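Protein sequences appear in the order of chains A and B. The numbering of the first sequence is this note's numbering, which starts it at 1 and goes up by one. The numbering of the second sequence is this note's numbering, which starts it at 1 and goes up by one.
What the hints contain is simulated information worked out from the structure, not anything from laboratory work. All values reported here derive from a predicted model rather than from experimental measurement. Some clues are possibly wrong.
Note that identical chains are pooled: a pair holds if it fits in a single copy or bridges any two copies.
Stated by the list, open to error - Here are the computed lysine to any residue pairs in the SDA-like style, where the Cα-Cα straight-line distance is at most 20 Å: (1) Lys-365 / Asp-534; (2) Lys-365 / Ser-640; (3) Lys-628 / Glu-199; (4) Lys-369 / Arg-540; (5) Lys-369 / Asp-534; (6) Lys-644 / Asp-632; (7) Lys-365 / Leu-72; (8) Lys-644 / Ala-200; (9) Lys-638 / Tyr-40; (10) Lys-638 / Ser-57; (11) Lys-360 / Ser-287; (12) Lys-628 / Leu-11; (13) Lys-31 / Ser-71; (14) Lys-644 / Ile-395.
There are 2 protein chains.
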Amino acid sequence: MIDYMALLTGLISIVIAITFGVYIRRKSPGKGEMVEIAGYIRKGAMTFLNEEYRYLSIYIIIVAILLYVGSLFSRGISSYTWIAFVFGAILSALAGNFGMRVATLANVRTAKAVEDDIRSGFKVAFSSGAVMGLIVVGLGLAGVSTIYIIFSSLPPETLSNIMFGFGFGASSIALFARVGGGIYTKAADVGADLVGKIEAGIPEDDPRNPAVIADNVGDNVGDVAGMGADLFESYVDSIIATIAIAVMFAALGADIVLLPLIIATIGIVSSIIGILTVVAMRNNDPSKAMNWGVIVSAVVMMILAGTAMYYMGMGGLPVGKDSSGNLVKVPWYYVYTALISGLFAGIIIGFSTEYFTSDKYSPTKEIAKASTTGAGTNLITGMAMGMLSTIIPIITVSAAIMIAYYLSGLYGIAIAAVGMLSTLGMTLSMDTYGPVADNAAGIAEMAHLGKNVRKHAEHLDAVGNTTAAIGKGFAIGSAALTALALFATFTESVGNINMEISDPSVTVGIFIGALMPFLFSALALKAVGGAAEDMVNEVRRQFTEIKGILEGKAKPDYNRCISISTNAAIRKMILPTILAIIVPIVVGVTPGLGARAVGGLLAGSIASGFLLAIYMANAGGAWDNAKKYIEDGNYGGKGSDAHKAAVVGDTVGDPLKDTAGPSLNILIKLMSIVSLIFASFFIL
Amino acid sequence: MIDYMALLTGLISIVIAITFGVYIRRKSPGKGEMVEIAGYIRKGAMTFLNEEYRYLSIYIIIVAILLYVGSLFSRGISSYTWIAFVFGAILSALAGNFGMRVATLANVRTAKAVEDDIRSGFKVAFSSGAVMGLIVVGLGLAGVSTIYIIFSSLPPETLSNIMFGFGFGASSIALFARVGGGIYTKAADVGADLVGKIEAGIPEDDPRNPAVIADNVGDNVGDVAGMGADLFESYVDSIIATIAIAVMFAALGADIVLLPLIIATIGIVSSIIGILTVVAMRNNDPSKAMNWGVIVSAVVMMILAGTAMYYMGMGGLPVGKDSSGNLVKVPWYYVYTALISGLFAGIIIGFSTEYFTSDKYSPTKEIAKASTTGAGTNLITGMAMGMLSTIIPIITVSAAIMIAYYLSGLYGIAIAAVGMLSTLGMTLSMDTYGPVADNAAGIAEMAHLGKNVRKHAEHLDAVGNTTAAIGKGFAIGSAALTALALFATFTESVGNINMEISDPSVTVGIFIGALMPFLFSALALKAVGGAAEDMVNEVRRQFTEIKGILEGKAKPDYNRCISISTNAAIRKMILPTILAIIVPIVVGVTPGLGARAVGGLLAGSIASGFLLAIYMANAGGAWDNAKKYIEDGNYGGKGSDAHKAAVVGDTVGDPLKDTAGPSLNILIKLMSIVSLIFASFFIL
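Given these sequences and hints, build the entire structure.
Laid out in structure tokens, this is it:
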């Protein structure tokens, strides 16, 4: 019953998302130059997606065959796993595709709507965010419940393996969307900035810059589709991990097995209420409206979840077995507290992100001040602040898992991840709003819309920057907690082998695991660096060869820049993809390493990946805002030496926060899920 | 017998070091301006040391009291541990002090000697390196053997604890010397570069720059005293860890307990032979001469150690006990291979460092190329290369500990560390040569010596840059391996508690452990950033207020700059010091965490610290050499846009490679040794 209800809720969420989409489509896109520019952006985005799908389908086919063949060799891999894998991949791709289509409709409509007032524009932009939010949770929950409904009669290990296949599919899309999208967006952005702002001295979002369309496409590719796929993965993985832990303990009782579906269902309802609150509010402050939305959905979710669990858990909830195999039951509020600890951890990480990246607080201000003594001190201070900013998230997640574990065992850790992601429908709406507003501001600028329109659009963009930063922190935190849940599932699933930390195979596993995020980041940064260089050379070429381009008399060749970004994104993803999948398998089957080393590998990769991701996201965000703070007239304002120094910091921070950092979210989840699927091949 | 022989060898090494010192002192220091400048540098270095000693003595007294009080509360801490602590601290301080005194004599004498030819100058500079190399191993081995001779009749746990006290003392000095010295040197260097090179357009090492003396003092403080103390610590810790593992397995037999002393003795003999080879060679290529020295000492050491172990291990060497408590004996060549695996790991890491930082190879060339598109791409590419460069060291150390463990258990891991550090006398001579040559080139430049002299001095400096980079890699690798040996000792010493990686307390330990290097680096970078800003403002002030300074008519106030660096170094070290000591203790005594979490803490800190240190050292080295590569006339040469971009990269890399990175070597060892000493207080 509960599983069907979850499926239904998922479908309702999809319907509402589509409704929002139709609402946006019916809005006026304006006319003239703005429509033309939006057309370029939309076409560029679709070009990237189509190119990505070509490679993606090859990848999906190869992995599906691999899984199928694997199932012939080991009973540990179900013969249905490959189907679930394809299903998961398709759903995630669908979510990203739909979200991005709507986002590329909404940007120009937002620019048009702000002609009236801020509020109208905000409504369009936020609605397109809501499409992404609701389609992700809708397809996610519908997908997981479908898998559960079809396969729940199979033995626990088989069911789990099939579900992991679904998660693996979602991970794969996320990898392509996040890593590829990240490379795309920053190759364009860095390239555009380097020549445009620094050399040619033309402003951001100037249509004379040949890379400017690619830059705006990138916002959609990276921040809309990439972010959506990342969180789709976290969302389904957290639910899957919880169900797997519950069924693998065997006979914990249907209630506790289905609890994550109940929570997710409640979460969607709460998110919809939150979204409607935002849309309905007659408040002219978009930031306040969204904050209210988040608060409303969190409170509704806490009340409904508490009520549901109170009725479910009258006689205590079973969360595990003790060493003699007896069920351990705990009061319902133990599990509830574990759930809430995740929810709160997400909120605290969001606040911490804001503190470290907003120019209202001292870290960003210090970076701005350090810019007065040059790019060197700007960069050193930014790095220091980024590293410092890892404390709160690490301590918060540590505290959450300790609380969850002591109250409800490993099940508690998984349910904490579900709790953190339960109101994703609302939070992702807010995250996706950002890049749409950013695009709208870009279009307003490029199409030379009226001063008032541009001011409104820029205000929406500024709000979006804050929500985007918070969203990034949330995405990292939830990736870490989800990966920890998968890690707990892994240690559970390989049974009683000894994973002593003093065992050198475990230590070596930790070393290699901690190495992976460095390696992954290096490849991502190299890809951006290389593609940005190509972009710079192309832009320089156009500036020299196409006469009249800087006077605005001739049109730059946007497509060349788009294809530089697209090609770089696709080609440079192959090696990281292979690494993320191969390394856990190789470690697992190598004599002397084996499953114990994989345990170390996962723990090491989560710790190092979490830290690096936070560092990169926050340093990048702070550099960005330090630059904006100076542009607001501090330390000499635009054009001053301090500003030039801050632009360098921002350029460096861009690929850190939007390419390398986010790709680590995927890496740590993907390695965990690969280990889970192939665990039966590992040497114990 | 063996212990007395080790003591004697240590003393002989000290005598030879003093002899080299006397030889240098007798050389002519030249006359006029060069003597004056060298006097400033020497005085500045001593000012820093004296200031450091003031704080250091307070710290030593507090910790000694803490250890004494601790011994009253727990039998786990010996009542002699505090004495060993003070002893270790004094020996390390002595080594640093002596080495730095000689280095500040040798710099100007090198500059004088190159008047004749390169070879004469090289001999002086390398001899002063040999002083540092031999005094460090001499005092290290003499100190450990003395402790062993006095206390070996006590129970194994007590003896171990006393030895850890000795290591803790060495760690403490290393912390002050490395972290303080690192902050000092880079505050001066970055400050000098920012205003001098970038703003005022005057070359490096120009006496018109008020921060230039502080910069040259910094080379001595950071690269001579800091490096020496770091390796002194690794050297004694590796020996101590091996003895501790041997005695704690109980009755492994005197041979195996004293093996590290035998190896160290043989290592000193081999180093002396290597050093004499370098000094005696009539080769005009300093780089080749030193390479021969390294090869000779490594080969001699391998032959002698093999012979000794062959005779010791006729009936097999006991390396541990099996689960039923029986001695496990292995053939002598098992242990020998473990030893050699460490030695080779050190060499491989050295090569890897050279590959990633020398402008002969593609990574540095790519960074130089990326500079043509601006500081942004220079920085992004450098970061990517630095991250990529972590692969070989991580895989190498992983392979070494796997080999060592499978052949000789945890004892094997410790003996591998001893093997890596056995020929430290030779390698440290080579490392210390670098900063002396650097100073000599600086003095030649500042004192406007003849063109030929400067060319010779610069050649010596260039060779020194390569050896310094290799030395840095070696220092990090040996710190990691030593920390792993201490970690193995820790897991052994807390006995049979379960440190399952799936236990959330262990996971949280790994998280916090992995966090610590980020935190430590952040504090170090903030300190440099802040002090560099002060320095910049001071230099700017002098340029405006002291008339005629840029025309060379008025003298800058060097002392103001020296005291800015000194104060920053001392004040900004307090928080990191407290953190490194307090965190392991707090984690160990916190309910819910305890000894298991400390296990995770150490593993996490070693993995993350090792990675970050390699990343920072290599990225910094590569930025430095990319700049020099451009200065050699590539991509437009000095003054081009590419050069300006590369200068920014170098400025950022400086505190990474010389402050934050090296301080992590200390952090990971210090946390391990603190955990070992206070283990008896931890919750099991």
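Structure-based check of all given hints:
1. For the identical chains of this complex, Lys-365 and Asp-534 are inter-copy neighbours only, at 17 Å across copies versus 33 Å inside a copy, given an alpha-carbon limit of 20 Å.
2. In the homo-oligomer, the alpha carbons of Lys-365 and Ser-640 lie at most 20 Å apart inside one protomer (16 Å), although the nearest pairing across protomers, at 32 Å, exceeds that limit.
3. Within a single copy, Lys-628 and Glu-199 get their C-alpha atoms as close as 19 Å, which meets the 20 Å cut-off; across copies the closest is 24 Å, which misses it.
4. Taking the shortest Cα distances, Lys-369 and Arg-540 sit within 20 Å of each other only across copies (16 Å), while inside one copy they are farther apart (32 Å).
5. For the identical chains of this complex, Lys-369 and Asp-534 are inter-copy neighbours only, at 12 Å across copies versus 33 Å inside a copy, given an alpha-carbon limit of 20 Å.
6. Taking the shortest alpha-carbon separations for Lys-644 and Asp-632, only the intra-copy value of 14 Å comes in at or below 20 Å, while the best inter-copy value is 27 Å.
7. With identical chains, the CA atoms of Lys-365 and Leu-72 are never at most 20 Å apart, being 59 Å at best within one copy and 49 Å at best between copies.
8. Taking the shortest alpha-carbon separations for Lys-644 and Ala-200, both the intra-copy value of 13 Å and the inter-copy value of 17 Å come in at or below 20 Å.
9. Neither within a single protomer nor between protomers do Lys-638 and Tyr-40 lie at most 20 Å apart by alpha-carbon distance, with minima of 29 Å and 42 Å respectively.
10. With identical chains, the CA atoms of Lys-638 and Ser-57 are never at most 20 Å apart, being 46 Å at best within one copy and 50 Å at best between copies.
11. Taking identical chains as interchangeable, the C-alpha atoms of Lys-360 and Ser-287 lie at most 20 Å apart only when both belong to the same chain, with a minimum of 15 Å there against 53 Å between chains.
12. Neither within a single protomer nor between protomers do Lys-628 and Leu-11 lie at most 20 Å apart by alpha-carbon distance, with minima of 42 Å and 62 Å respectively.
13. Within a single copy, Lys-31 and Ser-71 get their C-alpha atoms no closer than 56 Å, and across copies no closer than 82 Å, so neither meets the 20 Å cut-off.
14. Taking the closest pair of Cα atoms, Lys-644 and Ile-395 never come within 20 Å of each other, the shortest separation being 36 Å inside a single copy and 40 Å across copies.
Checked against the numbered hints listed earlier, the structure breaks hints 7, 9, 10, 12, 13 and 14; every other hint is satisfied.
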